[in-house]
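Visitor: Line by line, the protein sequences give chains A, B and C.
Just remember that my numbering sits 238 ahead of the position in the first sequence, which is counted from 1.
Take the second sequence: its letter number 228 is residue 211 in my numbering, and every next letter is one higher.
Just remember that my numbering sits 63 ahead of the position in the third sequence, which is counted from 1.
Since the hints were derived computationally from the structure, they do not count as laboratory data.
The calculated label-pair distances, taken between Cβ atoms and stated as ranges, are:
no., chain 1, residue 1, chain 2, residue 2, range
1, B, D160, A, L252, 51 to 59 Å
2, A, K280, B, H141, 32 to 40 Å
3, A, S303, C, G398, 52 to 60 Å
4, C, L126, A, A499, 34 to 42 Å
5, B, Q308, C, K73, 57 to 65 Å
6, A, L466, B, K167, 46 to 54 Å
7, B, D99, A, V277, 26 to 34 Å
8, B, E106, A, F291, 40 to 48 Å
9, A, V294, B, H75, 36 to 44 Å
10, A, V294, C, L100, 53 to 61 Å
11, B, L105, A, F297, 47 to 55 Å
12, C, L188, A, A304, 51 to 59 Å
Below, a list of computed lysine-lysine pairs in the DSSO-like style, where the Cα atoms sit at most 30 Å apart:
no., chain 1, residue 1, chain 2, residue 2
13, B, K312, C, K311
14, B, K347, C, K322
15, C, K311, B, K254
16, C, K315, B, K254
17, B, K381, C, K322
18, C, K315, B, K258
19, B, K371, C, K297
20, A, K256, A, K283
21, B, K486, B, K182
22, A, K283, B, K120
23, B, K370, C, K297
24, C, K315, B, K347
25, A, K584, A, K418
26, B, K52, B, K200
27, C, K311, A, K549
28, B, K366, C, K297
29, A, K584, C, K353
30, A, K500, B, K38
31, B, K486, B, K112
32, B, K357, C, K74
33, C, K297, B, K367
34, B, K327, C, K311
35, B, K102, A, K549
36, A, K584, C, K184
37, A, K280, B, K120
38, B, K96, A, K283
39, B, K312, C, K315
40, B, K357, C, K315
Bear in mind that the values here come from a model prediction, so they are computed numbers and not experimental data.
For every residue, glycine included, the Cβ atom is placed at its ideal position computed from N, Cα and C.
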Amino acid sequence: MKKVMITIKDFFSLIHRKLTHNKVLFIDNQSVKVLNRNVNPKLFKIVSILLTFIIVYLFLYGFGSASLFFVLRRSIYIIVPLILVAFGGLYSERSGIVNIALEGMMIFGAFIGIMFMVKFQDSSINSQVIYLIGILIAGLSGMLFSLIHAFASINMKANQIISGTALNLLAPAIALFFIKLLYGGEDILFRDNYFVREMGFLTKIPVLGPIFFEKGYYSTFYTVIIILIAGIFLYKTRIGLRLRACGEHPHAADAAGINVAKMRYFGVMMSGLLAGIGGLLLVVPLDVAYRATASGYGFLALAVLISGQWKPARIIVVAVFFGFMLNLSGAYQSIVFLRNAGLPDKVYSMFPFILTLFVLAFTSKTSQAPRAAGEPFDPGKR
Amino acid sequence: MEYIIEMLNITKKFPGIIANDNVTLQLKQGEILALLGENGAGKSTLMSVLFGLYKAEEGIIKVNGKEVKIESPNDANNLSIGMVHQHFKLVHNFTVAENIVLGIEDTKYGFVKMEDAIKRILELSDRYKLKIDPYAKIEDITVGMQQRVEILKMLYRHTEILIFDEPTAVLTPQEIDELMKIMKNFIKEGKSIILITHKLNEIKEVADRCSVLRKGKYIGTVDVKDTTPEQLAEMMVGRKISFVIDKPEQKLGNIILEVNNLTVLSNYTHKPLIKNTSFKVRQGEILCIAGIEGNGQTSLVEAITGLNPIHEGQILLNGEDITYQSIRKKTLAGIGHIPEDRHKHGLILDFSLAENLVLQSYFKSDFQANGFLKFNAIDEHGKKLIKKFDIRSGQGVKTPARSMSGGNQQKAIVAREFDRNPDLMIAVTPTRGLDAGAIEYIHKQLIELRNQGKAVLLISLELDEVLNVADRIMVIYEGELVAEVDPKTTTENELGLFMSGSKRGILS
Amino acid sequence: MMNKFKDIIKKIVINIPNILLKPFRNINFLASIFAILSGILVGFLIMLIVNPPYAGGGLMTILFGGLDKGLSGIGDVLIFAGPLLLAGLSVGFAFKTGLFNIGVSGQMAFGAFLAIFVGVKWTFLGDYQWVVAVLAAILGGALWGLIPGLLKGLFNVHEVVSTIMMNWIAVYGAFVAYKAANLVGGTTQNAQKVTSTGALPSWGLDSLFNSHNIDIGIILAVVAAIIIHIVLNKTTFGYELKAVGLNKDSAKYAGINSKRNIILSMVIAGALSGLAAATLYLNVTGATYKIETYPIEQGFEGIAVALLAYSGPLPIIASSIFFAWLKVGGDQLSGWGYDPNIIGVIVSAIVYFSALSFVFRKVVKKIFKKQFGGEIV
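Isolated chain A, as found in the complex:
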């Protein structure tokens, strides 16, 4: 594996050298030059991203088939919640609190959300409205659940990994207990009233239509909006700046007059909110029942956060990659050569976890974790 990575790196540096040598393209920390003329770096970034999208679009236009679109469609059901939960972890850790309880928060948020949705799924209220309210309730429940971790980590200065572990143990136990009590079994079956066959003219757009605007859920769009807002909020607003300061150098924030504890509560509650919603979104489009488990997705989100070096843009890239891999276990039947390979289907389930180990091995050497993450803030220690 290492050899493959090295040759890929070599390939790119060869291209880079060739381009630089011939003065076609030159990039370094200070400037970007195309054909030996200076170009605004921001403009260059935007143009290159647009170009990539256009190339991918053309490729899919030319080679797209119904089964390929199905695979891509299903990937989105996994990628979007994965990004959401990873962002939840981002908010918490950027404020200075390590949160390994994403899994537990997902389970708990989904639990309350599903209970609400099942209660009203037969009523006359529009099912999409129920879904939307269910999402809000899932988020709120996750937020309330996260207060347990916040209290232990911030007020009690407890070990954050232990507190997180306690929450991961608590969520399924409490969910299963009440499921037995209220529904008599070990899971909550729900009817999928929320599937949307097509969305008007949007469905007809080539390539984009079959992937994003057909046979999907509105929840995808809600979460994309939430993700964009969350990303911008963290880097452009006053609260975002203060929150990040608390995770890097809480004493500096304290000396600047910021209430570090309040900021950290905000960070943890955000993680509960986002993880709760993410938990619900991994149940509704993908399963027929809530089973009080997140199948390790909370920890995969944590791995995404770490591999993404705690930066939103990188997290999204890593999540797309991971989500696609995760999707294979459910969608491989649609990919001809995989179906013919005849591998037992649980092998596909193992894939993403094995892959994570490799990715982490390459990305963990120089960790750019928020410097103060995991250390309780003690105002007494100057």
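Starting from the known structure of chain A, fit chains B and C onto it as the hints suggest.
Guide: Relative to the frame of chain A, chains B and C by itself:
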């Protein structure tokens, strides 16, 4: 008298210690008041109370004659009080501008108005001649520039009363001169300054009056122009101290340590931290490598002791090539190491004192048999060292290192390393953060070692220590040795020029 | 001669009150009691809210259920305690060396697979089949722990994430492995049971406790605890492991090879988990290995066991018996109308309150100082 700030009968306690014991401090408008005391006297604590980081148990604070409550840095800022901290409170991966506006950001609908802020910062930077780049990240700029950012933080908040906490610790003599000029400019503008320091010459140069603290208690306030440095020192320490250490004539012997063409690269950026450096240390001499913090001292020591890999070069100990040996082998070959950071490298805080005292020797047959530790022998050894080096601890050999004072922790490390009888003793800023008594003790021990014919490599940031203790001085700048001088013939000014790279000397 | 003997007896008797009271002067013990009481209180409150009239009965069942069946009930407790003890040792040992081993489940899973393989198929070993099965389990767990150890030591990958990844790889891998090795039992989705020579012998314990299911698992566990205690506290190896766990940098300064010690720690922790799997699954009439999409729960219960005992090997013996006791009581809860998952709630609450113990310890120290003037250790 018009006092702009009065701190009256302030008492601040921490668990087990009274940091400020009924202390009074009065600052006149438009003056520079020096706050003098040695390490641990309570100066930083007192100013942290004034700045709102701590709350005093007793006492009151008056600003312009009116009694006020300062419970957070925001309150202090509202009263126009600002502080430049000794350990900068800057976020390393934020820009200069972000650090300056943190806490008082101007916003529109919640979004930070960065452009306006940068404009204002550049105006202030121009007006006070504090040159900085608002877009630069803190981790990329020099220490001197970082301090300017701290000062700009205060000016951005319209501070009138400025507190400087040991500001010159990280500056070259030339940068110190600049800072003194900046401070005098602030006074001309009508601001008032409290300068925390333990450097007597700086007090003489720039302060009007000086208040002295000793072990938490207020000793008195004097007019600087009427007081000699010796008198100030006596107030600070409580007895007459001599500035010069007694050293018998050197008796040089064989070369113990020889470093040839050493090059060390950074692990992350592959930039050279040590460039093609060579020097020797002989039996019976103390070689002191002086320099501003961050010029490669740490990397040099880490390379010699094995904590970091070497890229090129050779290290010989007693003629034997130890360049690529493991840390354990190097230690056993005869190197003693008093590390820069006693908490990070020197001790395991949650181990007991006895366990820490055998940290470098637990595997020897004195202390273990067939892999099983001999606890009696370890305890006896600990007791012996406690007695010999006068290490104070709450519960004797069983004391957890964490609960010992900084001075005694350092003594424990010194005891352990000295007891091993190394041929070469490497001591990196061994007296940092210690009180005068402990400093004197450690200097005595190092000179004793040298008298016994051992070789001592001393890394120091304090010019006093460098000039008094060393037999030979070399100056390091940006990873290279740029000068070699005799402490008897050089001056602080000359050393300052070498340390800031403004001048290069001849190496033997 | 008789007089000397009498003196010794006298000394012991006089000191008994001291010995009994000693734990109460130890702050860790008090903190554990606090965590236990708080955890049980949480469970009780939930039972109260959900089904008020039976809450008291439920509480009694949890606390004293173990006694209901007399000696065989105690036997049940010991059967549960064995794997819990070893799982707790695995977590606790790693913790003492600065590592969070959340991967006990995966390590148990792989150890179980190798053990069941040997226990079912290698009948040619005759009476020693179980010995080899136990060794296979230890090997399996050690290998599954080696991987996160290498990842951490060589690549700085955080062990919390890597061990959890290994857990899930084991969960899905089990489906593939058991099918491929033809070890799926009969009509169920579970693994086959091992043969009678592959199972752990009972060495008389079954008649002692009047129970079919008990075997030497608990004895293996206790022996392991004692060995770990000796290694950690009395050997140079233990000294080095603790040094690396407490301060990696100072350990490096002292010439200790941190990388090597981290890897060895995870291997040993994994081996202990493997042994836990052996005590759990090498039987004919006891627990069966379930091939399902959930990690083995004893792996997470081991975390509670270790935390409650502050990772000390000898206290872990006590805390594992306590949790086993809770389990036995919990199994009888459905009679009162409560789902046994309430035990899971109690366990997680105990873990949570153990985490809060730091503040608890400070508060208690203050109170002790005021009331008794003396120091509490």
